[in-house]
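K.L.:
The primary structure of each chain is shown beneath.
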Amino acid sequence: MTNNSKRLARQRQLRNRTIMVASVTALIAVIIIVMAIKKGNLRKEDKGNHSDKNAVQSSSNINDKASKDNQDDEKNSSDVTSENSSGESPKSEEGTTEDTNVPISDSEFMKYVNYENPDLSSKGDDYYNTDLFIPASVTDDKYFDTALLIGDSRTEGLGLYCGLSNLDIIAAKGLTIDDVMEENVATNSAGEACTIEALLNEKKYDNIYISFGLNELGWYYYEVFIEEYQNMITTIRTCQPDATIYVENILPVSAALSEQDEIYNNPNVDKLNNMTKEMCQGYEDVIYLDVASSVKVDGVLPADASTDGRHCNAEYCQKWMDYIRNNVYIKKKN
Amino acid sequence: MKKIIFLLLICSMLGMLSGCGDNKEKTEKTDNTEVNVSELAEKLSTELTFEDSLSKLDNAVALKYYGIDETIVQDCAIYISTGATAEEIAVFEANSADNAETILAACKTRREKQITSYSDYKPSEVDRLEHYVMVREGNYVVFCVNDDIDKAQEIVNHTIQ
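So the protein lines, in turn, are chains A and B. Counting in the numbering used here, the first sequence runs from 1 upward without gaps. Counting in the numbering used here, the second sequence runs from 1 upward without gaps.
Hints listed in this document are in silico derivations from the structure and should not be mistaken for laboratory results. The structure presented is a predicted model; accordingly, all values stated were derived computationally and were not measured. Heads up, a few of these hints could be off.
Pairs of lysine-lysine residues, derived as DSSO-like cross-links and limited to a Cα-Cα distance of at most 27 Å, are as follows [what the hints assert, rightly or not]: (1) Lys-123/A to Lys-271/A; (2) Lys-6/A to Lys-2/B; (3) Lys-319/A to Lys-56/B; (4) Lys-3/B to Lys-6/A; (5) Lys-2/B to Lys-142/A; (6) Lys-203/A to Lys-2/B; (7) Lys-113/B to Lys-296/A; (8) Lys-6/A to Lys-142/A; (9) Lys-122/B to Lys-271/A; (10) Lys-296/A to Lys-3/B.
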C-alpha cells in the first residue's frame, strides 16, 4: 500500500470514527431529553386554592343554603283575585278581587306549585281545612328553598336520600318530640348551634314539615306525645305565623318487626297516628299529611324497604319525598 | 463491523425510547387512576359485606352533610346507610393536599358525631365505628366504616398507595 493510500485509509478511518462518536453522542442526548420530558410530565399542576372554609356542621342539622336566592320577607297578601269560571289563571296579583275562593300569595314558592290542576291520584288520608286550603303539587324543587323538615332518624334519612341540597333539615337519631325544642339541634346564620325557636326567629320558612312518633311508640301515655306536639306547634306558629305547618304521620314498620316487637309494631303506629290526626283536626290551619300511604303495602312497610324494619332505604325515601311533592296545600283567603 | 455497531446503536435507541414510552403510559395510567373516586367507592361497596343497605348520595347533599365546602373538592362519592347501622363509604379527591387535610378533619368529625349519635340510639354501632379505614394519600381521602377493615384497607392500598 502506498503512503498516499495509507493516509487516505487513515483519514477514512478517522472520519468514520468521528461519525460514530457523533451518533453515540446524539443518541445519549436524545435519551436524556426523553427522560427529562418524562420527569416533567410526572409533576401535577397545582390547581388554584380556593378559600379554605371548614364549615363543619352537626350531622343532625343542615342549614346552609349557599345557593338560595335572597328573598324579602313577604307575607300572603290579604287581597284575592277574581276567579273566572272559564279557568282564567288565578295567579295572584294584589288588587281588587271578586271571588274569595282562589288563593293569592306573592310568596316565592308559589311559582313552583300547581294548584290549578294538580295530580291528586296519590293522595292518602290527609286532613286539611277545606275552607282555608286547596291542594296543589310541586312543579319545581325550588319550592323547597323555603321549606324546613324537622324529625328523627327517619327524617335524617329522607334528607340524605331525597337529593335536595336546598332543603333545610333538622333531624337526628333518637330525637323525640319532648326534647326537640329544648336542645340546640339547629344552626343559626353565624354557624352556631341553637334551638329551633331561635332559628325560626331568625329565618322565615313558608312550609314546615314535622315528623315524630317512632321513638315515642314506647311511651306509656300517648296523650303526653300529643301535648308535646301541641306545644311545639304553638311555638312554631308564634315564630312563623304565616308558615304552613305539616304534621306527617308515622310511617309503618315491617311485618316482621311488627310481629315480634311489643313497641315497634303497626297497631301502635296506627293508634298514635289516629290521635295525631285528631290533634290536627283541632287546628284550623295545620295539615295532617298521610306520608305513610306512600310506602305502606297491605298495612306494613315492605320487607325490601328497609333492613331493620324501620329505616327506609333510598328507594322508599324517594317515595316519601314524592308524596310530599304531590300533596302540598296552599292557603286561600276567605 | 461499523454497520453492526450502528445497527446495535439504533436498536438500543429504539429500545430505550419504547421503554420510556411504557413508563410514560404507566405514569399516565397512574395519573388517571389516581384514583377514579367513584370506582373506588363502588369497589368498596361491592367487595365488602355490609349489614345495612348503602346508597350513593347526591354529591351536593353529601358535602353539605359532611360540612365540607364544595369548592375544595374535585370529586367525591359517598355512600350512606339507612341509619340502621353506622356503615359508610366516603371517597374524596381534594383540589390540593392542604384541602385534603381539611376533608380528613371533616371525616374525623363525622365519625365522632356518629359515635355521639349512636351512643344512646344504638350502642352496638359505637363498636362498629371502631372498625374503620381513614386514609389520606396525596389529594385523596378515604373513610370507610365496615367490619372487615382488613379487606377495606387492602382495597384502598391497592388503589391509592
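K.L.:
Taking only the CA atoms, is the gap from Lys-113/B to Lys-296/A under or equal to 27 Å?
P.N.:
Cα-Cα ~32 Å, so violated.
K.L.:
Does Lys-142/A lie within 27 Å of Lys-6/A when you go C-alpha to C-alpha?
P.N.:
violated (96 Å)
K.L.:
Taking only the CA atoms, is the gap from Lys-296/A to Lys-3/B under or equal to 27 Å?
P.N.:
violated (86 Å)
K.L.:
With the threshold set at 27 Å, check whether the alpha-carbon distance from Lys-122/B to Lys-271/A stays at or below it.
P.N.:
holds (25 Å)
K.L.:
Is it true that the CA of Lys-3/B sits at most 27 Å from the CA of Lys-6/A?
P.N.:
Judged against 27 Å, a Cα distance of about 22 Å means the pair holds.
K.L.:
Lys-319/A and Lys-56/B: Cα distance at most 27 Å?
P.N.:
The given pair, whose Cα atoms are some 17 Å apart, holds under the 27 Å limit.
K.L.:
Against the 27 Å threshold, does the CA-CA distance of Lys-6/A and Lys-2/B hold or violate the hint?
P.N.:
With a Cα-Cα distance of about 19 Å, the restraint between Lys-6/A and Lys-2/B holds, given a limit of 27 Å.
K.L.:
Between Lys-123/A and Lys-271/A, is the straight-line Cα distance small enough, at 27 Å or below?
P.N.:
Measuring from Cα to Cα gives roughly 21 Å; hence the hint holds.
K.L.:
Verify the proposed pairing of Lys-2/B with Lys-142/A, using a straight-line Cα cut of 27 Å.
P.N.:
Not OK: Lys-2/B and Lys-142/A at ~79 Å, beyond 27 Å, violated.
K.L.:
With a cut-off of 27 Å on the C-alpha distance, tell me whether Lys-203/A and Lys-2/B pass.
P.N.:
violated (88 Å)
This entry does not satisfy hints 5, 6, 7, 8 and 10, going by the numbered hints stated previously.
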